[in-house]
Amino acid sequence: MSLQPLEADVRVDVTAIEKHLAELWRSSKEVGDEVLTRAALWNVVAHTCTSESHAQADEALGKASEAVPQRTIIVRANRAAPPEMSAWISANCHLVGGGKQVCSEEISIVAGGDRVHRVPPIVNALLIPDMPVAMWWLGDLPNEHEDYVLSLLEPADRLIVDSAHFDSPDDLMLIDRVASKTTTTPADLNWERLEEWRRATAMMFDPPHMRSRLESIRRVRVVAATSDRDYFGESVEALLYASWLSAQVGHHVDTEGKVEGSVGSIDYVIERRMQQNGVGGITFAEISFEDASCASISRDRDRGVLLANVDGNLSMPESVTRAVPCGIDALIVRQLKRTKGDQVLLKVLPVAARLAKRVAR
Amino acid sequence: MSSVAAPAQAPAANPLREGLEQERVPDASCLVIFGASGDLTGRKLLPALYSLAHDGLLPAGQTIIGFARPDYSDDAFRMAMREACDKYARTRPVDDAIWQNFAKGLFYVQGDFSQPDGYSRLNQKLQECDRTRGTGGRRIYYLAVPPQFFPVISELLGAEKMVTDPERGGPFTRVIIEKPFGHDLESAKELNRVAVSTFRERQVFRIDHYLGKETVQNLLVLRFANGIFEPFWNRQYIDHVQFTVAESIGVEKRGSYFEGAGITRDIVQNHLLQLVSLTAMEPPVAFEADPVRDEKVKVLRALREFPKGREGENVARGQYTDGSVLGEKAVAYRKEANVSPESKVETFAAMKVFVDNWRWADVPFYIRAGKRLPKRVTDISIHFRPAPYPMWRKLRGVDTRPNVLAIRIQPDEGISLKFDSKVPGPSVRTAPVTMEFRYATSFGAEPPEAYERLLLETMLGDSTLFARRDEVETAWAWLDPLLNAWAADPRPPDFYPAGTWGPESADLLIERDGRKWRRP
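Residue numbers (the numbering used here), protein chains in the order written: chain B, 1 to 361; chain S, 362 to 881.
Treat the hints loosely; a few may be bogus.
BS3-like mimics (lysine-lysine), calculated; alpha carbons at most 30 Å apart, straight line [what the hints assert, rightly or not]:
| hint | chain 1 | residue 1 | chain 2 | residue 2 |
| --- | --- | --- | --- | --- |
| 1 | S | K448 | S | K713 |
| 2 | S | K550 | B | K63 |
| 3 | S | K713 | S | K550 |
| 4 | B | K100 | S | K713 |
| 5 | S | K690 | S | K448 |
| 6 | B | K100 | S | K550 |
| 7 | S | K540 | B | K100 |
| 8 | S | K736 | B | K19 |
| 9 | B | K63 | B | K258 |
| 10 | B | K100 | S | K448 |
Source of the hints: derived by calculation from the structure; they are not laboratory data.
Because the structure is a prediction, the values reported are computed rather than measured.
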């Protein structure tokens with residue numbers, strides 16, 4: 001094998017990918033690259049169907065591997081395409097100081113037509129043993145009954161999706177079923193987008209006198225920034241936020257989406273507000289209490305922060321939480337930095353599926 | 362006074378914290394920094410507090426009040442601290458929106474540490490913050506001052522009734538003390554006596570910033586969260602252990618302090634003995650303050666005493682002379698500012714130490730610390746015994762070496778394991794190879810500064826990572842005879858050129874046992 005820069009894509013024989021990877025690393029030693037470390041903490045498999053989503057996965061995981069070294073396997077599988085099976089290898093390298101480089105491997109597999117069925121065994125053979133496996137599914141959600149999907153998900157510890165692209169509450173239920181019926185834990189990039197909102201909300205209720213007020217919530221209003229199209233995914237972030245609050249506070253959501261708490265029925269309102277920027281994100285959340293006071297959080301997009309304050313009978317200093325919009329790569333990194341599946345999300349998913357009926361159109 | 366008394370029963374945990382990185386956050390309090398005009402405040406404390414705010418780890422309403430003699434306004438203090446954060450904060454560049462909110466809780470009170478009127482003004486400010494910022498009478502006093510001010514500050518805080526305790530029905534008050542915790546056993550006991558005359562022991566947080574370092578904490582995780590290490594962590598498998606705390610810098614502006622301290626008081630008594638106790642301790646029953654510190658102090662109690670009249674037998678002390686470090690000329694210690702030209706103070710110390718207990722009987726712990734050494738590095742290496750039977754001994758090209766587990770505390774934090782491997786080829790030849798874990802490689806992001814972790818732990822009231830009174834006193838009790846013997850010895854320490862690994866006597870100390878210092 002001729003010596004190539006590690007980052008360059010090298011087309012390889014699909015049946016001997018591991019051998020070619022070994023040669024890639026040997027070649028780096030031959031050129032005297034003693035300052036290079038090969039590292040991996042995860043196997044990350046990105047499943048795509050189109051060249052656009054393949055490119056998106058390539059870019060995001062290339063960046064993510066700087067923070068979480070990983071063996072990246074990007075699959076582009078399209079049954080409608082002409083029969084094809086090919087593979088490329090390369091390395092994602094970055095400097096860590098002192099002139100030292102850390103590299104991790106990236107393998108791309110493109111399969112078309114009836115060759116697609118060969119993808120799961122090839123991917124499974126390429127997984128680094130004793131290392132967790134994350135399956136990032138781009139595009140339409142998988143059919144959980146299909147053998148192809150089951151074989152791919154079988155070794156996966158985590159299934160990463162992005163509910164911003166969900167087109168109906170059924171998708172939430174599908175993910176909930178994956179959680180309850182398989183050993184794969186679902187993970188949602190949209191849920192990761194909520195992290196700062198959850199943090200800012202939790203911070204408001206940290207003082208002991210505020211904590212007790214969680215029981216006197218009467219109304220929750222969450223405003224989602226949406227475009228002019230009637231698309232479910234644009235309000236899922238707001239829906240997840242409301243569902244999280246309800247699940248954590250102990251409110252009961254029935255199959256019709258009606259919510260009951262210890263003080264009686266509680267009004268959950270998810271508003272869609274047309275906006276140019278930040279479509280799909282939350283712009284405002286307001287929690288009203290029995291005594292007519294309310295706590296609110298608003299996004300100050302210019303300053304990249306969330307501002308939280310409590311009005312009415314209570315006063316406390318305004319709190320500020322940094323909330324710069326994250327790229328997909330940063331959301332993936334957040335997800336991979338969790339050593340265990342997110343148990344809170346698992347609690348929230350079924351609630352969100354029921355509360356989805358409250359999404360105002 | 363508007364202080365809010367702590368509720369009789371702790372409120373339930375905030376359910377909205379579940380699953381967030383910080384599941385437990387402190388209640389808002391007033392953190393008063395005594396000595397706020399000093400170097401530590403600008404270089405470490407405020408940048409650490411700002412970074413905590415940046416990462417969303419400070420509660421809304423957290424208040425910081427600087428207290429010192431120079432006359433600053435709140436705004437001037439804020440401006441100076443902003444400059445400090447711009448320069449030293451881990452989370453740079455400073456985020457304007459976060460800073461503006463953080464700075465709203467930043468105040469300054471002018472006062473002399475020994476004059477009650479300053480304390481009255483401080484108390485008024487504290488009460489005002491309780492009303493406006495929801496700090497509920499909770500106080501943390503950070504004494505970033507030389508130890509001689511500790512008694513007077515404690516006394517005046519007590520006299521002004523600025524210390525409360527939940528066990529006596531009030532909100533918490535905690536006090537953070539910076540090292541040195543005394544100069545010897547007697548002064549340490551006196552400091553502790555003064556502390557407990559105003560505070561209870563559990564209110565006192567003695568900060569040793571080494572304990573806030575990720576790698577030091579990882580030492581416990583490595584030992585007790587992994588099944589494979591602990592069975593080998595004893596005299597059956599370990600030949601010896603080495604500890605190195607090396608600094609490439611000299612005494613810089615601290616000449617007069619160092620003349621009264623020396624490297625043994627400055628590094629060995631605290632940082633190094635902390636590392637020794639964490640390495641040698643038995644598993645605690647829980648990762649909680651007292652169980653962990655109980656086990657650490659048992660190690661200190663088990664340190665073999667220096668033989669009377671022969672205290673210097675297993676030790677080497679040195680002082681740097683002219684030389685060069687990292688290619689730059691370095692002047693001798695005796696030529697540094699505020700250092701006596703005839704100083705006998707040691708800038709290097711190496712010791713062979715034994716932990717006389719069941720686990721470690723007769724396993725030497727070689728420790729060394731020094732200034733003006735070739736590089737800045739802190740490192741622990743566990744040297745295992747060789748394989749019991751040299752089955753390859755008749756083969757040329759086979760030179761087996763003992764395994765070494767090296768724990769790098771700083772810089773480039775990580776852990777490596779050295780073992781022998783067969784060199785590929787038809788004959789049996791071996792070569793040492795290393796399996797490495799580096800924080801930077803595996804976890805990318807820069808770990809939080811030690812002060813961030815320690816300040817947060819104080820706010821949370823968890824003293825696991827702080828030295829307890831008996832730890833400090835036991836360490837001094839062990840070292841005192843050696844320090845007294847050195848003080849009585851008219852001879853100067855052995856000299857070593859700046860930029861080398863200490864005096865020849867340090868090499869002899871280990872080489873006469875048939876071992877060598879590991880190059881860290």
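Status of each hint after checking the structure:
Taking the CA atoms of S:K448 and S:K713, the gap is about 41 Å. The hint is violated against a cut of 30 Å. At roughly 54 Å between alpha-carbon atoms, S:K550 and B:K63 are farther apart than 30 Å, so this suggested pair is violated. Distance check on the hinted pair: S:K713 and S:K550 sit about 27 Å apart at the alpha-carbon level, within 30 Å; holds. At most 30 Å may separate the alpha-carbon atoms for a hinted pair to count; B:K100 and S:K713 exceed this at roughly 35 Å.
Only pairs whose Cα atoms come within 30 Å are accepted, and S:K690 paired with S:K448 is accepted, the gap being roughly 27 Å. A threshold of 30 Å between alpha carbons decides the hint, and for B:K100 with S:K550 the separation of about 48 Å lies outside it, so the pair is violated. For the hint linking S:K540 to B:K100, the alpha-carbon distance of about 36 Å lies beyond 30 Å, and the restraint is violated. The hinted pair formed by S:K736 and B:K19 fails the criterion: a straight-line CA distance of about 41 Å is larger than 30 Å.
Only pairs whose Cα atoms come within 30 Å are accepted, and B:K63 paired with B:K258 is rejected, the gap being roughly 42 Å. Taking the CA atoms of B:K100 and S:K448, the gap is near 26 Å; set against the 30 Å cutoff, the hint holds.
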